[in-house]
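> Please work from the sequences and hints to get the whole structure.
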Amino acid sequence: MKLKFLLLFLSLTSMQSVLHAQDNISISGTISDSQGPLPGASVVIKGSTTGTQTDFDGNYVLDAVPSDATLEISYIGYANQSVPVDGQTTINITLQEDAQALEEVVVVGYGTQQKEDITGSISVVDNEELTKQPNSNPLSSVQGKVSGVNITNSGRPGASPNVRIRGVGSVGNADPLYVVDGVLTNNISYLSSNDIESMSILKDASSAAIYGIRAANGVIVIKTKRGKGTGDDVSFTYEAFAGFQRVTDIPELANTAQYIELFNEKRAFEGNADRLSPTDYNADTDWFEEVIKKSALTTSHNISISGTSKKTQYYLGFGYFNQEGVLDAGRGINTGNDFRRLTGRAGLDIDLNDYFTFGGSVAYTDTQNNNSTEPFAQAYIVPPIFNPINPDGTYGSPDGVGNFANPRGTLDFSRQKAEGIRVLANVYAEIKPVESVAIRTSFSGDYSNNKSFNYTPVYRISQTQGSDISNLGRNYNENDNWLWENTITWTQTLGKHDLTLLGGFSQEERIFFGMNGSVQDVPFNGDDSLLYLNLGNTEQDQISDEGSKTRFQSLFGRVQYKFNGKYLLNATVRRDGSSNFSNDLNTDIFPSVGIGWIVSNENFLAESTIFNSLKLKASWGQLGNANVQRGFDITATDPVPAYFGGLPQIARSISEFSDPTIFWELVEEYDLGLEFTVLENKLSGEINYYNRTTSDAVFAVTQLASSGATNTQLLTNAGSFNNKGVEASLNWRDQVSDDFNYSIYGNVTTIKNEITEIIGSSFLNTGPALFGNPIVRLEEGVAIGSYYGLQTDGVVQTEAEAEALGSTVGAFKFNDLNGDGLIGEDDKSFLGSPIPDFTYGFGFNLNYINVDFGMDFQGVAGNEIYNFNKNSRFGNENWDLDFYENRWTPGSGVTDYPAPNSDQNTLRPSNFFVEKGDYFRIRNIQLGYTIPASILVRENPFWDTLRVYINAQNPFTAFEYTGFSPELNGGGVDNPPGGAVVNSGIDRNVYPISATYNLGVNLKF
Amino acid sequence: MLATPKYLIEKIIKRLFIPCVCLAFFACTKDFLEVPREAQQPAEEFFVNQQDAVEAVNKMYAHQTGFDLVGFPHLAIFQLTSDDSDKGSNPGDAAFLNDYVNFTFSSTAFSIDGYWTGQYQGINYANQVLANIPAIPMDDNLKARLLAEAQFFRAFHYFNLVRVFGGVPIYEGLPEGSIEEREYNIPRNSVDEVYELITTDFTQAAENLPITYGATEIGRATKGAATGFLAKVALYREDFTQAVTLTDEVAGMGYDLFPDYYQFFRPANEYNVESLFEIQSTADGNCESASQYGQVQGVRGQFGFGFNFPTEDLVNAYEEGDVRRDATILFVGETTPEGDLITAGDNPDNPIRYNQKVYVPEASFRRNNCVDNADINIKVLRYAEILLINAEANNELGNTAAALVSLNRVRERAGLEAVTVTDQGQLRDAIWRERRVELALEGDRFFDLVRQGRAAEVLQASGTQFTAGVNEILPIPANQISLSQGVLEQNPGY
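From first to last, the protein sequence lines are chains A and B.
Numbered as in the UniProt record's numbering, the first sequence ends at 1005 without a single skipped number.
Numbered as in the UniProt record's numbering, the second sequence ends at 494 without a single skipped number.
In short, the hints are calculated from the structure, not lab data.
Here a beta-carbon is modelled for each residue, glycine too, at the ideal position from N, C-alpha and C.
There may be inaccurate statements among the hints.
[Said to hold, decoys possible] With the C-beta cut set under 7 angstroms, the calculated list includes, among others, these residues of chain B facing chain A:
id : residue
1  : T282
2  : S289
3  : Q480
[Claimed, not checked] Which chain A residues face chain B? A few, computed with CB under 7 angstroms, are given here:
id : residue
4  : G111
5  : S548
6  : N586
7  : V640
8  : G821
9  : G824
[Said to hold, decoys possible] Pulled from the structure, derived: some chain A residues nowhere near chain B, Cβ distances all over 10 angstroms:
id : residue
10 : S42
11 : D55
12 : F318
13 : P388
14 : I469
15 : Q507
16 : D545
17 : F644
18 : Q703
19 : S829
20 : G875
21 : E960
Structure follows, in structure tokens:
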């Protein structure tokens, strides 16, 4: 609609330049496409600048045309046509859609660009791809689809996947920036895939640099759906699916008989007599079966209405998504384990007149989570010898065997709920004072709040599991952000020079506030309306609040220049200021430049029958990551009071020493690439080499303890990392006949991650520790998150050997790397890394008449997982079946598994707990059928399209890892900021990934 | 190379672009990026008034309940190194603690770093007070007392460090400057230098601290505590004359033995007439001041983790009729005076003896849902020890009669006959034996053995791998040495 007015305006102005010649004729006609008349199509006399454009009804009139001239008719998205006049006075033309050309416009930062003109590395994922899989988060559907992007999903309902673009560039926050219709955010879990029109993943620095200090981890630009079409047109879609999830590959653990056998062997290892006898225990509990549901339901409904009316284009979308978790929760006082999301979205664009366009959008999301304490790690270690719930109704207690939690009790005696809303609103106005200039101002607000509670009743299952007083914790937090952006764009073609200039200015404010309270002794009778702090023992309540306010102020600009249709130059600069840093250091400039050569537009390739297109490109840019914690020396906020005379007094002092001069992390990246299409556009591909270096990376280095600082870890700009690799993708598309077409895709990405510098000390131990042994160490020359420990060197087989080593038969022997005769800190080495050597994905789609079928495959290779669940043994934890079957027993001669034991010398972190993380997965299988009108009674059904489909997601995964799932999303490790990155390979209470099976329907009318 | 174009761009933007944009949008001022910190008091705004001064002093007390000070590190270094107790708990639980029982620990041993860190955090709190309070305009008497409390704690922490590690780096104030400039990385001082600082600090603390406090300030460091520690330091330094003088001074401040040995340790009798200094642990409503001191030692399967398993040797060290045996050691199968049957969860893997000095009855051991036995204070210094220091010092000076008077006061309460030996050597043995049983499981035994020069003899006899000339002090934590890049030197033999 907007375009129509604009083009009309142009046609009026260009009419003035029509030449008045003598022996000429006047031609009129209608330009249309298969759907009907095309307004705004261009009709030009070949070899001249004379021409016009079609009006609202697709009609044109062209005076003074030489009778032997040729008309050229063109329209964006359609193949050009040339028609000789031959004295005709009426020429009607039907243009053919050029499917390829339609895809060529790519959404980039603050604008769009022809795909051909891009010099960076940008991958585009469209709505069809995003909605093919039943995921709560749109990014989950991208897994395996795009080179350079590694996605790690979580099985937890509503959880966001981890998204890593081209390796890991920060040990702090390594998540990309999302730009949704211009709003900058770090979390898009509020978005339904159905509302997204396209997603552009800006992978290289030159594409992302326009977002400066926020862009270090890559940028994902999302365009949501808006009204489309012409005239008075309305379309309605309904998309829905329902299905169930099932946990696959549940680890097998020892049963009661096997456990008791191992238990007594462990006693022998420790020099004790047998204690447990199988006859003493009737129970044989499979704890995973107890806490995991056979199947969990997922339901999704989406309705959208979009259309146009006169000068207005509108879009309305509503969505409902409900996912049950796989935990068998919801008994006792627990409310279950699920995630529910309601989404509503409205967009409006009004073309007021030739000069002025304005519009806006509102998105509202309401989420609700019933959470449960997740007892996966508990189920892994708890012995099978007692009942979840005894026949008399009491909960089984492990007292006498050890301090274990009964996982059933963990589920049943906690009540947790979280609710949140998020509202994003945007208004914009655009003025075009002259045809080539667009001035745009846009104001966005982004508000969200979350409230949650966590209630523990009075109960007791065992000595260590229970609570003698009820406890209620409540949390409330809100984010209130606004962003004001102003841009001016000037587009001009001057001879062989195509030039677009962009300048912009923006201000942004982000405010966070959070409040936590807890109180004991709260009554509860099943009604959440009693769960208020003021109904508890308020004399002992604990309330704390926190807040932050950050502002950004930015100036940015871009040059897009193309010479002679072949040589490309794109350059950006952004000057960002952030209040998060000290005044002397709060502003920096982030430049980038990209160059390209469209080789296929050179004469020597113009006649090529092989290459349809060929482009070489190179780019460089600098990016920042402002998502780091600013350091201050602070007064202790530690609430521990001092008691005098039985009464508390406030106690605080200066306890943390911090670095106040912290500044953003800086990423510098080089990119070289090649794009091609060959064989009549059937095969297209892209190969890129990337090399990105993060310098001044912010992470915690250990302070000398004698400073007395309570933050033994000091956050500072402490090191550098490098990520480099090659990403390649290939697509094959072929229309075999009118009835049959198919496509095949494949991609692979290699990653080499290396820590190149750590200041001060040459290493940093981090991550969880076992018995004083940290598992992760950051050191120059290794990948982020690499494991550090001893190397096993067989098992002590004989008493004589044990005596000589001061060890026990059945215990591990370790390599004495420094040869000092002792096994200690100096004998540790690096044992593997959580970052894959390469990730890959491939798949195909085929359509035959009304049937469509597709499969997607995906995998990672070359990474390792640290099996923390297996390593954390303190006493009589259960063993897995793998251990039972492979363990050392006297005389067995086994050298790779020890005897059952809890000896913390033999269980020191070692390569025994480091396992291969490779997996290969059938990510998705989908079979669809588009119901043709012909099989129905009525010839003209009320719908345009009706399609039903079934699909299976993750039905099969091949892997060697002995834990639940080789796909770890943060691993359930609760750690300070950065923990998720550093500990990404440590498996500890991970929420397993499910296979899901769905039935869905798409309806459009 | 990049700096120049960047600089030019910055200049153009500043000179030209920003003024233009600002004119166009009436919006940007430099102030936009000047946002005050939310929800945090900057360090430079603290130490302004009298209330800040009091709170900073209170922090030194609140710090004492930390796990690094009274949890595992205390257990490992103060208890398990002695011949009075073994690890206890379940055999597999925290098996690394056996390294302290057996003297097989290395410089990377668990708990050593925590102990070092916790002490130096306390020293920082003391130095914050000593460096910042003098400039605060406030009540002069109160200021003098607060400074004295800080000196008390600084000496207390250095005394803990010097006994465990030998000479350690001394920080008498706060290093100045930015984070890069603050020089914390300094070499170790000598043992004599550390003791000199300790003596100075305790002496000045004793001069300025009151003998008693009003009801709402009970628990603060007193003149008696500072003087008592000075006496203990004198004993360690074998300055027996000074030890006698100081213990006599303490005696003049109104201290006495609490009549019932068992009752002395019960939470109801905190800060009684015998107590010189305690670390307050409280199962307060929010469990913020609840230390894990009692939890790690509580009866396993009933009241805690069950570490610190009293040895048979300790059980046998008590004379017939000594009331302290049953008051110190909790035996599985016994019923406590409060009526709890000790079962240890009927689990044969659990130890059969526990430290009764941390016992809290079933009815209140998890008061307010805090950690087990959180109401047990740590009795750091009590009058019985002052009497034994007096006895030991007097005996060394040849004042046998005075020594016997002090010794026998302690024995009398324990229900034992008076000692009458007058031979200096025999009396010394009697006093040392008395120290062991009177102060058993209170954390002094290992340091006594070292001080008495018989650590190797006694600890090797008890079956450990104690190495004479090495294990009298512990290693400096390995990671602190590597962080210091070698400025800290390791103790010999580690």
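> Broken hints, numbered, in rising order?
Hints 4, 8, 14, 15, 16, 17, 18 and 20 are the ones this structure does not satisfy, whereas the remaining hints hold.
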